[in-house]
Amino acid sequence: MPGLFIDVKVDPEVAKDPEAAAKLAEVCPVNIFRASESGVEVVESELDECVLCDLCLEVAPGKVEIVKLYEQK
Amino acid sequence: MSILITKDTRFIVQGITGREAVNLTRENLDYGSQIVGGVTPGRAGRDVYGVPVYDCVRDVVKAHGQIDGSIVSVPPRFTQDAIFEALENGIQLIVVVTENVPRREVAQAVELAKLRGARIIGPNCLGMISPGEAKMGGIGGPAANTRQAYSKGEIGVMSRSGGMTTEIASTLTNAGMGQSTAVSIGGDAIIGSSYAELMPLFEADPETKAIAIYSEPGGRMEAELADWIRENDSRLPVVAFMAGRFMDEMKGMRFGHAGTIVEGVEDTTAEKIKRMESAGISVAERIEEIPELLRKRLAEVS
Amino acid sequence: MRFYEYEAKALFARHGLPLGESRVVESAAAAREAFDAIGGPCVLKGQVLSGGRMKAGAVKFADTADEAAACFEAIMPVEVKGQKSRSVLVEKKSSIVQEYFAAVTWDGRAKQPVLVFSDMGGIDIEEVAETHPEHVSKTHFSSILPLSPRIAKEAIGATGVSGSDLNRLTPIIFELMQIFLRYDLTLAEINPIGKLENGRFVVLDGHVDLEAEARGLHGDLLEELGIGEDETRQARPPTDFEIAGARVNAVDHRGVAGNVVEFDGNLGLVIGAGGGSLTLFDAVRKHGGKPANYCEIGGNPSVSKAKELTKLILAKPGVERIAVMMNVVSNTRVDIVARGVIAGCIESGKDPSEAITIFRIPGAWEDEGFKILEKYGVEYCDRSVSMYEAAGRAVAKMGAPA
Numbered sequence: 627m628p629g630l631f632i633d634v635k636v637d638p639e640v641a642k643d644p645e646a647a648a649k650l651a652e653v654c655p656v657n658i659f660r661a662s663e664s665g666v667e668v669v670e671s672e673l674d675e676c677v678l679c680d681l682c683l684e685v686a687p688g689k690v691e692i693v694k695l696y697e698q699k
Numbered sequence: 048m049s050i051l052i053t054k055d056t057r058f059i060v061q062g063i064t065g066r067e068a069v070n071l072t073r074e075n076l077d078y079g080s081q082i083v084g085g086v087t088p089g090r091a092g093r094d095v096y097g098v099p100v101y102d103c104v105r106d107v108v109k110a111h112g113q114i115d116g117s118i119v120s121v122p123p124r125f126t127q128d129a130i131f132e133a134l135e136n137g138i139q140l141i142v143v144v145t146e147n148v149p150r151r152e153v154a155q156a157v158e159l160a161k162l163r164g165a166r167i168i169g170p171n172c173l174g175m176i177s178p179g180e181a182k183m184g185g186i187g188g189p190a191a192n193t194r195q196a197y198s199k200g201e202i203g204v205m206s207r208s209g210g211m212t213t214e215i216a217s218t219l220t221n222a223g224m225g226q227s228t229a230v231s232i233g234g235d236a237i238i239g240s241s242y243a244e245l246m247p248l249f250e251a252d253p254e255t256k257a258i259a260i261y262s263e264p265g266g267r268m269e270a271e272l273a274d275w276i277r278e279n280d281s282r283l284p285v286v287a288f289m290a291g292r293f294m295d296e297m298k299g300m301r302f303g304h305a306g307t308i309v310e311g312v313e314d315t316t317a318e319k320i321k322r323m324e325s326a327g328i329s330v331a332e333r334i335e336e337i338p339e340l341l342r343k344r345l346a347e348v349s
Numbered sequence: 008m009r010f011y012e013y014e015a016k017a018l019f020a021r022h023g024l025p026l027g028e029s030r031v032v033e034s035a036a037a038a039r040e041a042f043d044a045i046g047g048p049c050v051l052k053g054q055v056l057s058g059g060r061m062k063a064g065a066v067k068f069a070d071t072a073d074e075a076a077a078c079f080e081a082i083m084p085v086e087v088k089g090q091k092s093r094s095v096l097v098e099k100k101s102s103i104v105q106e107y108f109a110a111v112t113w114d115g116r117a118k119q120p121v122l123v124f125s126d127m128g129g130i131d132i133e134e135v136a137e138t139h140p141e142h143v144s145k146t147h148f149s150s151i152l153p154l155s156p157r158i159a160k161e162a163i164g165a166t167g168v169s170g171s172d173l174n175r176l177t178p179i180i181f182e183l184m185q186i187f188l189r190y191d192l193t194l195a196e197i198n199p200i201g202k203l204e205n206g207r208f209v210v211l212d213g214h215v216d217l218e219a220e221a222r223g224l225h226g227d228l229l230e231e232l233g234i235g236e237d238e239t240r241q242a243r244p245p246t247d248f249e250i251a252g253a254r255v256n257a258v259d260h261r262g263v264a265g266n267v268v269e270f271d272g273n274l275g276l277v278i279g280a281g282g283g284s285l286t287l288f289d290a291v292r293k294h295g296g297k298p299a300n301y302c303e304i305g306g307n308p309s310v311s312k313a314k315e316l317t318k319l320i321l322a323k324p325g326v327e328r329i330a331v332m333m334n335v336v337s338n339t340r341v342d343i344v345a346r347g348v349i350a351g352c353i354e355s356g357k358d359p360s361e362a363i364t365i366f367r368i369p370g371a372w373e374d375e376g377f378k379i380l381e382k383y384g385v386e387y388c389d390r391s392v393s394m395y396e397a398a399g400r401a402v403a404k405m406g407a408p409a
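Residue numbers (the numbering used here), protein chains in the order written: chain A, 627 to 699; chain B, 48 to 349; chain C, 8 to 409.
Just to be clear, a hint being listed does not mean it is correct.
[Stated by the list, open to error] Straight-line Cα separation of at most 27 Å, DSSO-like style, residue types lysine-lysine; simulated pairs:
hint	chain 1	residue 1	chain 2	residue 2
1	C	K318	A	K694
2	A	K635	C	K293
3	C	K378	B	K298
4	A	K694	C	K145
5	B	K321	C	K160
6	C	K145	B	K161
7	A	K699	C	K293
8	B	K199	C	K145
9	C	K382	B	K298
It is worth saying that the hints were derived from the structure and are not from the lab. Owing to the predicted nature of the structure, the values given are computational and were not obtained by experimental measurement.
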């Protein structure tokens, strides 16, 4: 389930990659990504805490999408 | 000209990988500040927006040579040690962002700074900015917002409240009055640099023509400023905005900053206004009156 | 955070300061027992945080156990500056030949601790300083250089005290200086220190304030004294609303949102930061508004913290709507606060466009924040509207039916 304001979509390939998962979990300052051996999980309760720092987009270019739900009609 | 900081000031960020520090590092870089390195113990080898991270200040100095300043943005219980580390590695200007640091730890850091001939700004502050040159700290927020609020000019700004530093600057900018340097000095009971301690710097800066300050109940800082102005026959007109007038009715209750509590008569807004006015400081009741009062005072001296 | 006298004395006892035998009692029967255990004339002192106990009648003397019981009954209903005693300290009465004053506090101007000593104790020290300045010494000392008794000796000697009095007082005052620094106190005061007929000294009354920011460093002491986390020890005890606010703020370390002070009006205030809150509270009152609360948002609070604060204020009985206002923000983010207050309204079952009278937070990330506010139909304004005007608009809206 998305948050009220923010949704985060991770490319399925990247989501299964433990190395990418670890990187995402490390860079996110608000713990939206939880890394495990099987890949990355998006922590729904933290989605609205996203500070739009783009650090996840930098470590996984083109593979992570931040959706601002308040920009949608 | 400006005081404390120019575009040539080279500084570091201690605690650079923290949530707040990441933010202010990006904002400072975007505004044109020179951040040469960052420190977070155990995180050497990383980088934050291209700024290399080291385990300790000594390693930054080894890699980049002498450093002018440091922003300390670490949790309260590590703050004193971080300041000591900066001081003992020869850093002369330290901006302490962290709040909730007990005053004993602050006083000890300030005393060591004095022994080392260094200056501390804060704690519990947003740092400072010389508009058009550079900024050091979270003051003004993202670069685009900072440029909107701060403009280059002749007014020196000092404020015990970080937020009100920008509110005052923004009001001045909207009224067509720029700032030479704006300093968020911090809201705690003991801080590195008070109004009176920064006045000599503004006094010596030919570009600064007048001063605007934010003031609130608690402490003796306004009295100290009034004394300084009187004793040094300052050339600079000063306009103060006084907040927290409602607190005069509520002795012993702490509102806002750690330093903001009315304990004695001298702490009340009424007494502070009296003291400041007797030293020739104009006191505004609303922020939007500041530009007009400054214009009036500037017209008198010219 | 002020300590009660019995707590201050428990702290002093930890460090071997000379004290008269005493017991804290909570009933007349216990007062009687305490008198018998101590044996002989006692003084009974109501335990309140405010000064002026003697004048108010919360300090009484007993020569018999019956009198001690009667004193207890007489003291408990007495209000000292609006506060009643939580208990009574029964203490052995000492015959005193002279009283002294000693206090250590921070001097924010000098940024050092200052030791104030006088050989005219027991009375208002500020009055002594005016009328007999030669009997009051003020001695600053370093907080980093080695602390040694000579500072205490010089401070005492400066008021003309010499001989065995000087030598007996020095270790007591030196200990007080050490206690001050060791426990992060903002005030460590003994007034008076009494000189007994036998030439020894005894601590008769003590005032101790521990810095709120340092509570976490002294958990052991606070636990030993039984001081709970909810005890703020401000000028009045915290209300349930204020305690709930402190809990909201304590949930995570990100920014500040929750330090609330309760008032009885109908306009809920979600305001910040430190200075901005003071400015806005003044402005709301100047426009004739009735604030339901004071609060602060500062630093960069998480969305959930801003949300919980909003919910807390909206749940307060009598609160009709809220005003969300701050100065031009630098590190607080407009979009993060907007998300928090809107989510707070929704989770409270209210329409944000109805519940929020005005949103005046210009500054960092305002474009992003304004997009969110527009989506939810919340009235907002930018920096071209002053804090004073924004407060006026919020108050004006309260006049209109919700």
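**Prompt:** What are the numbers of the hints the structure violates, in ascending order?
**Reply:** 2, 3, 4, 5, 7, 8 and 9
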